[in-house]
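Using the sequences provided together with the hints, build the complete structure.
These protein sequence lines map, in sequence, to chains H and R.
With the numbering used here as the guide, the letters of the first sequence map in order to residues 1 to 229.
With the numbering used here as the guide, the letters of the second sequence map in order to residues 1 to 247.
In short, the hints are calculated from the structure, not lab data.
None of these values were measured; they are calculated from a predicted model.
Where a beta carbon is used, it is the ideal one built from N, C-alpha and C, also for glycine.
Keep in mind that a hint or two might mislead.
Sample of chain R residues at the chain H side, in silico, Cβ under 8 Å [claimed, not checked]:
| hint | residue |
| --- | --- |
| 1 | Ile134 |
| 2 | Phe137 |
| 3 | Gly141 |
| 4 | Ala148 |
| 5 | Ile161 |
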Amino acid sequence: MQMFHNSTSTVLIAVLKRDLVIGLRHRSELFNPLVFFFIVVTMFVLALGPYETTLRQVAPAVIWVAALLASTLSLDMMFHSDLDDGSLEQFLLSPHPLIIIVVAKILAHWLLTAAPLIVAALFLGLMVYLPQTAIMPLLLTLLLGTPVLSLVGAVLAALTVGLRGSGILLTLLILPLYIPVLIFSVATVDNAAKGLAITGELYFLGAILVLAATLAPLATTSSLRIRLG
Amino acid sequence: MFEYFYKYGSPRHFYDLSKMFVPWLGGICLILLIAGLTGGLVLAPPDYQQGEGFRIIYVHVPSAWMSLFIYMVMATAGATGLIWKVKVADALARASAPLGASFTFLALVTGSLWGKPMWGTWWVWDARLTSELILLFLYLGYMALQTAIDDRRTAARAGAILALVGVVNIPIIHYSVEWWHTLHQGPTITKLDAPSIHISMLVPLLIMALAFMFYYAAVVLLRARYEILENERNSAWVCELIEQRRG
Numbered sequence: 001m002q003m004f005h006n007s008t009s010t011v012l013i014a015v016l017k018r019d020l021v022i023g024l025r026h027r028s029e030l031f032n033p034l035v036f037f038f039i040v041v042t043m044f045v046l047a048l049g050p051y052e053t054t055l056r057q058v059a060p061a062v063i064w065v066a067a068l069l070a071s072t073l074s075l076d077m078m079f080h081s082d083l084d085d086g087s088l089e090q091f092l093l094s095p096h097p098l099i100i101i102v103v104a105k106i107l108a109h110w111l112l113t114a115a116p117l118i119v120a121a122l123f124l125g126l127m128v129y130l131p132q133t134a135i136m137p138l139l140l141t142l143l144l145g146t147p148v149l150s151l152v153g154a155v156l157a158a159l160t161v162g163l164r165g166s167g168i169l170l171t172l173l174i175l176p177l178y179i180p181v182l183i184f185s186v187a188t189v190d191n192a193a194k195g196l197a198i199t200g201e202l203y204f205l206g207a208i209l210v211l212a213a214t215l216a217p218l219a220t221t222s223s224l225r226i227r228l229g
Numbered sequence: 001m002f003e004y005f006y007k008y009g010s011p012r013h014f015y016d017l018s019k020m021f022v023p024w025l026g027g028i029c030l031i032l033l034i035a036g037l038t039g040g041l042v043l044a045p046p047d048y049q050q051g052e053g054f055r056i057i058y059v060h061v062p063s064a065w066m067s068l069f070i071y072m073v074m075a076t077a078g079a080t081g082l083i084w085k086v087k088v089a090d091a092l093a094r095a096s097a098p099l100g101a102s103f104t105f106l107a108l109v110t111g112s113l114w115g116k117p118m119w120g121t122w123w124v125w126d127a128r129l130t131s132e133l134i135l136l137f138l139y140l141g142y143m144a145l146q147t148a149i150d151d152r153r154t155a156a157r158a159g160a161i162l163a164l165v166g167v168v169n170i171p172i173i174h175y176s177v178e179w180w181h182t183l184h185q186g187p188t189i190t191k192l193d194a195p196s197i198h199i200s201m202l203v204p205l206l207i208m209a210l211a212f213m214f215y216y217a218a219v220v221l222l223r224a225r226y227e228i229l230e231n232e233r234n235s236a237w238v239c240e241l242i243e244q245r246r247g
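Okay, structure coming up:
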């Protein structure tokens with residue numbers, strides 16, 4: 001019995017460690033979303049002009065849309081390399097519950113792609129003249145919102161793994177589902193910039209995160225079973 | 001009861017049975033359509049504020065209702081296929097998607113046509129219009145996934161998961177968009193305060209809604225029949241059917 005209890009957490013940690021090591025060894029995969037994030041924001045600034053008042057107004061929207069795109073871009077990799085080298089099939093065949101493995105993979109994906117974005121957003125916020133008071137709320141929304149992106153994204157990444165042109169397909173499947181996160185996050189940062197209360201919006205984001213954390217791993221495991229079954 | 005369910009849930013029985021239903025459903029749809037259109041376009045009085053322009057609601061409102069209804073049907077059929085492995089349900093879900101997308105598109109186009117004389121622009125980021133646009137994206141995503149997966153059995157089950165994820169998300173998306181809309185009081189829309197609709201206008205509307213429902217039922221059965229033929233193209237009964245046709 002003791003061993004059984006240990007094994008669940010052991011599997012979780014083993015898969016997490018494995019994914020983190022693979023991610024850290026493939027530096028480009030780790031840095032590309034980050035660079036992409038910076039480039040998209042720069043493109044917006046170039047398109048809008050260097051005017052402080054304009055930029056200050058659109059800053060939350062620009063940063064959040066760029067973060068959505070960067071996170072979507074990295075989703076395609078979540079199960080892809082595992083499918084190529086056959087480890088995904090081993091996961092499905094392993095005696096351990098698939099959901100534990102899926103949770104570990106989602107967690108690893110978030111740590112590798114979203115966590116760096118949160119740090120980068122700190123600098124980007126300053127670059128697009130986001131008021132000081134809105135910087136902390138921006139990071140809070142990213143902290144609550146990006147796990148939702150990884151969780152919901154995992155379901156669709158599992159559904160589209162190994163398909164022709166899965167990258168663009170995944171993008172057009174996932175972006176409509178990100179709308180609530182986008183709306184509440186941008187509203188939070190906007191309100192913070194205007195000095196209004198933000199707790200309501202943060203609670204909404206938290207609620208969405210709880211819902212996604214409850215349902216997404218289940219949906220991801222059945223998606224994987226269907227695609228590879 | 002389950003025996004009954006399984007007997008008529010089998011693709012073959014469904015194929016034979018649906019052949020009988022389609023002309024009836026189509027006929028009822030035609031009668032309702034004629035009744036609804038005469039009622040709506042001829043008998044109903046012009047609106048006191050919008051004049052004759054309001055008559056587009058006889059197409060717009062039923063399509064908007066159908067767009068959401070079909071998504072629910074799609075998700076329910078998908079879940080039925082996923083849980084009880086009913087092949088007919090898979091075919092119904094797949095056949096529903098293009099119809100739902102068409103109704104959503106129709107609702108958007110008629111809304112836009114109505115918006116030009118009433119609001120003065122073709123497009124307004126109104127909460128309901130925006131939600132409808134997002135629904136269209138969800139339908140298109142579902143169809144894209146269906147065409148991307150070659151194996152039809154896997155495609156049906158993957159589509160079912162996607163439709164279920166969509167169903168969980170639709171209310172969240174809808175309310176967040178509504179909330180977003182109230183937040184951004186953009187260009188002030190002089191939204192005509194809708195007085196409760198008069199009975200002479202309401203009855204044709206309900207008839208039209210029923211007509212659309214029957215149209216959907218007829219066409220989805222027809223489409224599902226083709227889906228089933230394609231899914232079962234290697235089974236004995238379909239081969240027999242082809243032999244019979246060839247004579």
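Given R:Gly141 was flagged as interface, is its beta-carbon under 8 Å from a beta-carbon of chain H?
-> holds, 4 Å
Using 8 Å as the Cβ threshold, decide whether R:Ile161 counts as touching chain H.
-> holds, 5 Å
Satisfaction of the R:Ala148 interface hint, Cβ to chain H closer than 8 Å = Status holds, d = 5 Å.
When the nearest CB of chain H is found for R:Ile134, is that gap smaller than 8 Å?
-> holds, 5 Å
Measuring from the C-beta of R:Phe137 to each C-beta in chain H, is the shortest one below 8 Å?
-> Hint on R:Phe137: holds, closest Cβ of chain H at ~4 Å, below 8 Å.
Hint compliance for this structure: no hint is broken.
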